[in-house]
Amino acid sequence: DGGITQSPKYLFRKEGQNVTLSCEQNLNHDAMYWYRQDPGQGLRLIYYSQIVNDFQKGDIAEGYSVSREKKESFPLTVTSAQKNPTAFYLCASRQGAMNTGELFFGEGSRLTVL
Amino acid sequence: DAKTTQPPSMDCAEGRAANLPCNHSTISGNEYVYWYRQIHSQGPQYIIHGLKNNETNEMASLIITEDRKSSTLILPHATLRDTAVYYCIAYMFLNFGNEKLTFGTGTRLTIIP
Chain A
1 DGGITQSPKY LFRKEGQNVT LSCEQNLNHD AMYWYRQDPG QGLRLIYYSQ
51 IVNDFQKGDI AEGYSVSREK KESFPLTVTS AQKNPTAFYL CASRQGAMNT
101 GELFFGEGSR LTVL
Chain B
1 DAKTTQPPSM DCAEGRAANL PCNHSTISGN EYVYWYRQIH SQGPQYIIHG
51 LKNNETNEMA SLIITEDRKS STLILPHATL RDTAVYYCIA YMFLNFGNEK
101 LTFGTGTRLT IIP
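For the record, the sequence lines run as chains A and B. My numbering puts the first residue of the first sequence at 1, with every later residue one more than the last. My numbering puts the first residue of the second sequence at 1, with every later residue one more than the last.
Chain A extracted, bound-state conformation (with noise of 0.2 Å):
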């Protein structure tokens, strides 16, 4: 089936290291998004990408990298400058030719810094 695919679902890193959340899409979407989300408040933009090789910064992008070289992968760094990374993060698609569309969301991925 389609969908969005986002690994590991749980993760648990010390602090001062790096760590890349993966986003894997099989909808042939052009538009992917990372949002982040803190208990009990909305959904934050960290980064989006409307085409492969561009992306953009969103509110919260200090701490945080992404890449797109393939229009399915939108892999998501969370660096060691970022100052609190503990939260559930989200990836998203949507067909980005339309001026409209709903988001596809995955499962998300719940980082923990120890």
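Since the hints were made in silico from the structure, they are not lab data. Any given hint might turn out to be false.
Facing chain A, a subset of chain B residues (Cβ under 7 Å, in silico) [as the list claims (entries may be wrong)]:
#1 Q42
#2 P44
#3 F103
Take a look, some chain A residues computed to stay more than 12 Å from chain B by CB distance [as the list claims (entries may be wrong)]:
#4 P8
#5 L11
#6 E62
#7 K70
#8 K71
#9 P75
#10 T77
#11 N84
#12 T86
#13 V113
Partial pick of chain B residues on the chain A-facing surface, computed with a CB cut under 10 Å [said to hold, decoys possible]:
#14 Y36
#15 G43
#16 G106
No residue lacks a Cβ here, since even glycine has one placed at the ideal position from N, Cα and C.
For chain A, the structure is supplied; the task is to place chain B on it using the hints.
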């Protein structure tokens, strides 16, 4: 994108219609109203969206006031599986490479058996 305001929480009896309000008084003429929901620790799920006219799909109905300053999401026969946080979003596609959806804190809907 226009700011939306939703009540933080609501309860609804199982089998009854759940009516979730959303205020978007500053919405512009080209902004759509989108609804998503998020069941605990899962990714948000798209429900419905509309611009001016009322919309209905297999999941819900969306009623948008004539002045477009508010809307109501209706789940016609709520079940326990509808317990979730519901997000109302006002969104407009500006141009390719400059669009994003902003999620607020939503309404936590609890279906009571």
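Quiz item: Of the hints given before, which are not true for this structure?
Solution: none
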